[in-house]
Amino acid sequence: MGWHWNLNRNQTDLLITLRRFADPDLPQLRRWFGHEAVRKRISAPDANWLTHIRSDNVTCYTICDVTGAMIGFIQVDKDGADDLWFDMIIAPWMQNKGIGTKALQQLCAQTKSTALCATVEPDNAASIRCLIKSGFMADSAPDTDGFRIYRKTAP
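All the letters of the sequence shown, read from the start, carry residue numbers -13 to 141 under our numbering.
Don't take each hint at face value.
Pairwise CB distance ranges, derived in the manner of DEER restraints [said to hold, decoys possible]:
| hint | residue 1 | residue 2 | range |
| --- | --- | --- | --- |
| 1 | T97 | R27 | 21 to 31 Å |
| 2 | P128 | A8 | 29 to 39 Å |
| 3 | S41 | T97 | 11 to 21 Å |
| 4 | D68 | S126 | 29 to 39 Å |
| 5 | T53 | R137 | 17 to 27 Å |
| 6 | T130 | G54 | 24 to 34 Å |
| 7 | E22 | D68 | 14 to 24 Å |
| 8 | T53 | F133 | 18 to 28 Å |
| 9 | M123 | G54 | 13 to 23 Å |
| 10 | T139 | V52 | 25 to 35 Å |
| 11 | T130 | A8 | 16 to 26 Å |
| 12 | A127 | G20 | 11 to 21 Å |
| 13 | Q96 | D9 | 21 to 31 Å |
Note that these hints are calculated values from the structure, not bench results. Model, not experiment: these values are computed from the prediction. Quick reminder that beta carbons are idealized off the backbone N, C-alpha and C, glycines included.
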């Protein structure tokens, strides 16, 4: 079962679906790593990653357009404290269209945890805008790797 909502952009409605990631989605995800913008921000999927995402503490989602084409990916990891940490990738040709913000807002609405958290490189302006639009707040100090931690706590 997926979640559906309309994204109103440039006077056209684009239906976005968030569904569970499946093995047939993997080749498309791997192709995105041919783009510098994706490679720069996140590690490419490998055998260790596949083992990790199949564990009980990880849930992955595919963001699809109205045709069912994969246009994004979200990985959510549960830590021991009931917090959820996520990574999100939007297909290179679909970036900066508000899709990440809509997907993240839907994820937040569906998530039952104390907090949803992400680490972001300080120069990743698009991701920071997406997080802020979705109600995330930056922690006061970066982590030990220099990444900013953004967090949204449950009401």
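Does the Cβ distance between E22 and D68 fall inside 14 to 24 Å? violated, 36 Å
Could you check the hint for me, namely that T130 and G54 are 24 to 34 Å apart, CB to CB? violated, 41 Å
For the range 21 to 31 Å, tell me whether the beta carbons of Q96 and D9 fit it or not. Given a distance of about 23 Å, which is inside 21 to 31 Å, the answer is holds.
So does T130 sit 16 to 26 Å from A8, Cβ to Cβ? violated, 35 Å
I want to verify a distance hint. Is the separation of the beta carbons of M123 and G54 within 13 to 23 Å? About 35 Å separates the Cβ atoms of M123 and G54, which means 13 to 23 Å is violated.
Taking the Cβ atom of T139 and the Cβ atom of V52, is their distance within the range 25 to 35 Å? The hinted range 25 to 35 Å holds for T139 and V52, with Cβ atoms some 33 Å apart.
Falls inside 17 to 27 Å, the C-beta gap from T53 to R137? violated, 34 Å
Indicate whether the distance between the beta carbons of A127 and G20 respects the range 11 to 21 Å. violated, 35 Å
Hint check for S126 and D68 - Cβ pair distance inside 29 to 39 Å: violated, 22 Å
Within 29 to 39 Å or not, the Cβ separation of P128 and A8? Holds, since P128 and A8 (Cβ atoms, about 35 Å apart) stay within the stated range.
Range first: 18 to 28 Å. Now tell me if the beta carbons of T53 and F133 are that far apart. Given range 18 to 28 Å: violated, Cβ gap about 35 Å.
For the range 21 to 31 Å, tell me whether the beta carbons of T97 and R27 fit it or not. holds, 22 Å
Hint compliance for this structure: hints 4, 5, 6, 7, 8, 9, 11 and 12 are broken, all remaining hints hold.
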